[in-house]
Amino acid sequence: MKHSMLRRSTMREIRQSLGRFFAILSIIALGVGFFSGVRDTTPAMVHTVDAFWQEKQLYDYRLVSTLGWEEQDVAFFRMQGNVRAAEGSQTLDLLCRGEDGADYVLKSHSIPQKINLLELTEGRMPEKANECIMDAGMNLGLSVGDTIYLSGSNSQETRDAVRYSKFKIVGAAHSSYYLNYERGSTSLGNGTVAGYLYLPPEAYEREAFSEIYIRFDQDDQIYSKAYNNAMDAREEHWKALTKAQAEKRYDRIVSEARKELQKGRNELAEKRAEGLQELEDAAKELGDGKRELASAAKELEDAARELEDARTKLEDAQKELEDAKQKLDDGQIELESAGEQLESSQAQLDSAAAQLAESEQRIADGQAQLDAAKTAIDSNDAALREQANALAAQETELEAAMAYFEMLPPEEQAKLTAGQAALREGREKLNAAQAQITAARQELAAQQTALDDGRNQLAQGRAEYEAGVAAYEEGLQQFEAAKQELADGEQAYADGVQEYENGKRDYEDGLQKYEDGKIEYEDGVREFEDGLKEYQDGRAEFDEKIADAEAELADAEAEIDELEHPETYVLDRSVNIGYSCFESDSQIVEQVARVFPLFFILVAALVCMTTMSRMVEEQRTGIGTLKALGYSEGQIMGKFAFYAGSAAVIGCVIGFAVGTIVFPTVIWTTYQMMYIPLSIKLVFDWQMALLSLVASLLCSIGATWLSCRIELQETAAGLMRPKAPKAGKRVLLEYLPFLWNRLKFLHKVSIRNIFRYKGRFFMMVVGIGGCTALLLTGFGLKDTVADFAEVQYNEIVTADASLGFRNDIHGELPAKLKEVIDAQSEKSILLRETMLDLVTKDTVKAMNILIPDTPDTFGNFMNLHTVDGEPLQFPGKNEAYVSNSVHDRYGVSVGDTITLRSEDMKTITAKVTGIFENHVYNYVLLTPETYASQMNEDVPYNAAYLNFAEGTDGTQISAALSGEDDITNVVLFAEMQERIGKMMSSLNYVVALVIVCAAGLAFIVLYNLTNINITERIREIATIKVLGFFRGETEAYVLRENIALTAIGILAGLGLGVLLHRFVISQIIVDLVSFKVQILPMSYVWSILLTFGFNLLVNLVMGIKLDRINMAESLKSVD
Amino acid sequence: MSTFVEFQNVRKVYRTGELEIEALHDVSFEIGRGEFCVIVGASGAGKTTILNILGGMDTLTSGSAWLDGTEISSYNKKQLTAYRRYDVGFVFQFYNLVGNLTAKENVELAAQICRDPLDAETVLRQVGLGERMKNFPAQLSGGEQQRVAIARALAKNPKLLLCDEPTGALDYQTGKSVLSLLQDTCRNTGMTVVVITHNSALAAMADRIITVKSGTIESVRMNDHIVDVADIEW
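Chains A and B supply the protein sequences, listed in that same order. Under this note's numbering, the first residue of the first sequence is numbered 1, with each subsequent residue one higher. Under this note's numbering, the first residue of the second sequence is numbered 1120, with each subsequent residue one higher.
Rather than coming from a laboratory, the hints here were simulated on the basis of the structure. Backbone N, C-alpha and C define an ideal beta-carbon position, used for all residues, glycine too. Among the hints, erroneous ones may be present.
[As the list claims (entries may be wrong)] So, partial list: chain B residues that the calculated Cβ filter (under 7 Å) puts toward chain A:
hint, residue
1, Met1176
2, Arg1204
3, Asn1215
4, Leu1220
5, Ala1229
[To be verified] Listed below are the simulated EDC-like cross-link pairs for lysine to aspartate or glutamate, each with C-alpha atoms no more than 20 Å apart in a straight line:
hint, chain 1, residue 1, chain 2, residue 2
6, B, Lys1278, B, Asp1238
7, A, Lys533, A, Asp543
8, A, Lys744, B, Asp1235
9, B, Lys1253, A, Glu734
10, A, Lys1116, B, Asp1177
If we strip away everything but chain A, and leave its shape as in the complex, we get (with noise of 0.2 Å):
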């Protein structure tokens, strides 16, 4: 019963007092938090990667041997214990050129089946031996789909060691084997690898695998003691392996080599003895052509005498031939005029023909006309009598009628009368017909005389026309005989003719045939010729390849001899870039881990103590009587322990949860502008959670047990006595008269009060110093990492753009070269720029060399100084300047001496004579003597720096500049600055992180601080009320302090902000960059004015809590 009333007394407290427990809880939070929080990045970062390259099975060994592996080697180390995998692999550095014609070193590697498996992000695995799969990491402007080509330029071994000119692209991939973005340096083109490209194992025509990997079975967390004492211990052994299977290969490669010698030696001989009875064959082949030729010779003569006879003979022929034409010709003529007059007499014959018919025609007519005529007289003569009859008749019966004439009517008379003259005028008709037909019949008579005659003529014409007849049949007769003859003759002509024709035909295909033999012959004669001159020439090839064949078996034989054991490397992930570096890198928050979390529990021990003890100090009467009442220490110590206990717990809870979450998550999200994005794995620390509450636990109750001690030892009665009021205490300001006396003596109130209470003003400047140090140093992370660009690239390179030449210079720039940038440039330099080993004592690390041609020059494009800023001029021959980063990393210091060393083992050594400040790669510094003396070349120039005329556009003279064929890449430092910078922004996510941090810190010791102040002076508060000030001079009167407590927190944290900055920084290494240690004024404002802000919001939270002060509380009595 009284445990539990006991603990509901207790509960109401923490009711009635939230700000207070909430202050306790939140304090115990942030402290946790950020304990936790930072802790665990680290193990949550390494946790993450450990977790991708166990699922993408990270190589163990890298096993190198310079003369290369065979798959047996690779079966050899795949028998080993242990061995989960191993793999042969092919790497090869590539100058390829995108479709757009730009051109990058690429690394490629086989894709591995077992080991450094790939990540695919975007498109497929190739299925053809043709398609590759693209770096994802990288921009390189090319995307998937693409083809890339590998350039021409590319040396003919390694051209013969990959299978097709082009690739197709089908898809991109993380590798990790590259966990960061740091691809390595090569020999070829500007020395940076531009990234890496996978192609399939048939992509490769080379004999030999230019490393095996191994894996062993193991899945011990990188970076562990377990996993590095496994792999010590099996070093030596590997070692010792590895080179003795190297050994084995160079044995093998020796004997095989030898076979193949004494098979060559074996073929030349055998060759030799071919070649050698081929010779005497031709030998002999030729002299039978020679006498064949001689044959053919004669052969010829013979012929043309024959010919000649022929000829002869033929012209003879064409002779008498000519002969028969002529006589031919003659009866032709003759024979032509005979048929000419026989024509002629044909024609006059028919004409008389002609005459005779018509002759006898007319008489025919003629006697027809007459009987026609006779006919007609004898028709009208028959009329004619007729009509004298009827004429008598007609008479008759007139003379009839005339004898009744008187007795007929007058008309009747009339008509007699008519017809008595119409009678009479026929009677004179009838008599002079009659007298025509008698004329004529007189003619007529005449006329038929006349046709009598003519019939006499015609009888005595058609006997000549007879005649004529018969003599012309007789010549016609005459002439066909003669024409029989002429056809005859002509015939025998015609088969002459062709006699003749055909004799000459045939002798014309002799001539032919003749001729033809004749250019056979001359061939022949030719073609011996030919097939001399070839013998002589085979002859003497012969001897010139035997020798040939000789020397290169010597050559041979000389190389076997010469033939270097090899070397072998068993290297481990250490060399590895990306396992290195996050090494160091995720080590970087575990070191910071070891400030800060100490700084929170120190703040929040001070917290509680100071809360803790002042609500004892409050309940002290509570105490009195609970003593009295006859509760034991423990219990009462118990109630407050619960209190503090609780808000630990429960803080602590909320604290590790966030904690554990937000800044891993956070600070791994900065980590991915180095790394390839892999998502944060939250670890769960059981240990760190333990200790994380046991320290909570011990801040809150071990302050609460401290705070309690001294109070519970007083007796019941002395605890319900108020306590003495603290005596006031004069400062040491005070015994400076000449300041105190000039203060107003309400700021000497403040001062006395901030000395009153050592534990509060510690806690406040700890509290607020530490918030302004963090501030600081976050806005500092932010000025270092983001402002180095800016320095590297406005005030050390002053240079505006850099250029790669696709060849070499030697000498001078040429002239079309020189032209072209003079024209986009007011001032360039020709530098060499490649990549060289610096080796020291304890590591290899690729430096960036620069090698003005004008050395003196040098200085218009980067401004050598020191870190201090003075001023440096050119190292000398055979000297070197460093770039501070090397100094720092590698503990290069002036009057040193550093040896460089190329791929192919060359050696520069020089001296150094400088550090220059320098922030973006490692470089080092060489004049072209030093770099000729002792590479024993001129130096080949590869690249050039460039200034911009005042005013002209960098993007535009870029694309004039990279269209030129000669020149391959063109960088602008502005878009370099400019790209970095947006790199390091991802920073700004800590920064905002620290902020938060910071600000949480603040708040949390200014509330509650000042409300313990404020509870604490109630009463003295309430009194100024009532003497009359005014809320702004209550205040004043009171947050002044803050204010000031304030202001030293702020001094005290610029001082510890710049350490803690300066800490935070060199812990940071980031490859190749270095960065600039400083602190812009403005974050010293920034951070000022923040701690302010958040001082004046706890004020205004605080001034409302003071005007809601009752007067009434200054009369009460003092507890």
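Chain A is fixed; fit chain B onto it per the hints.
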């Protein structure tokens, strides 16, 4: 003597959640200028409430309160502060000195915010603390602390000096000397002094005695036989 302080039908109700407590009910009285007035009553009778209203530390629910012809019950918060600042001097039962200020500084704390303050050292000498000006309260006895408190109130040169059980935390002799200091101040400077006490014995030294009982005025009477402090026994 003219009326300096006047309460007219003052009613004060405290509200604590659901609970209403009527602390004062129809309180009316007057105090003349330059009078030494004692308000006496048992614990819880309402005398502190009267003091709070009179001192401008609290407001009333109804009625009105006047000082020197001005109605203080109509003042807003700021005016009340100014009123406390310029017109009223307080002497608390527990002195309420600021612990880390010396005696002199405590006086100056009040003096520096007034229009027409008295010199701190003079006042301290008047109250008999000329030698202890540079001492911190913790180094002073209760009586000395209360003298400092009186000096602090006087240095403001107020129109009205309000004392809340000024002897409550003091022993008999010291209490007496403090009371006589108050009486002398009233007599010598003509300042109106109001002392609130539960000790009715003190009424004998007052010009005017106001008795409070259960939130109302039981009686207001003038003292015809003013007794010197030294002669009062309690």
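These are the hints, each one checked on the structure:
Annotation: interface hint on Met1176(B) holds; nearest CB of chain A at approximately 4 Å, less than 7 Å. Checking Arg1204(B) against chain A by beta carbon gives a least distance of about 3 Å; that is within 7 Å, so the hint holds. The closest approach between the C-beta of Asn1215(B) and any C-beta of chain A is roughly 4 Å, which is under the 7 Å cut-off, so the hint is satisfied. Using the Cβ-Cβ criterion of 7 Å, the hint placing Leu1220(B) at the interface with chain A is satisfied: the shortest such distance is roughly 6 Å.
Restraint check, Ala1229(B) versus chain A: the minimum CB separation of about 5 Å is within 7 Å; hint holds. This hinted pair checks out: Lys1278(B) and Asp1238(B) have alpha carbons roughly 17 Å apart, not beyond 20 Å. Taking the CA atoms of Lys533(A) and Asp543(A), the gap is near 15 Å; set against the 20 Å cutoff, the hint holds. A threshold of 20 Å between alpha carbons decides the hint, and for Lys744(A) with Asp1235(B) the separation of about 18 Å falls inside it, so the pair holds.
For the proposed pair Lys1253(B) and Glu734(A), the alpha carbon gap of about 12 Å is at most 20 Å, so the pair holds. A hinted pair counts as satisfied when its Cα atoms are at most 20 Å apart, and Lys1116(A) with Asp1177(B) qualifies at roughly 15 Å.
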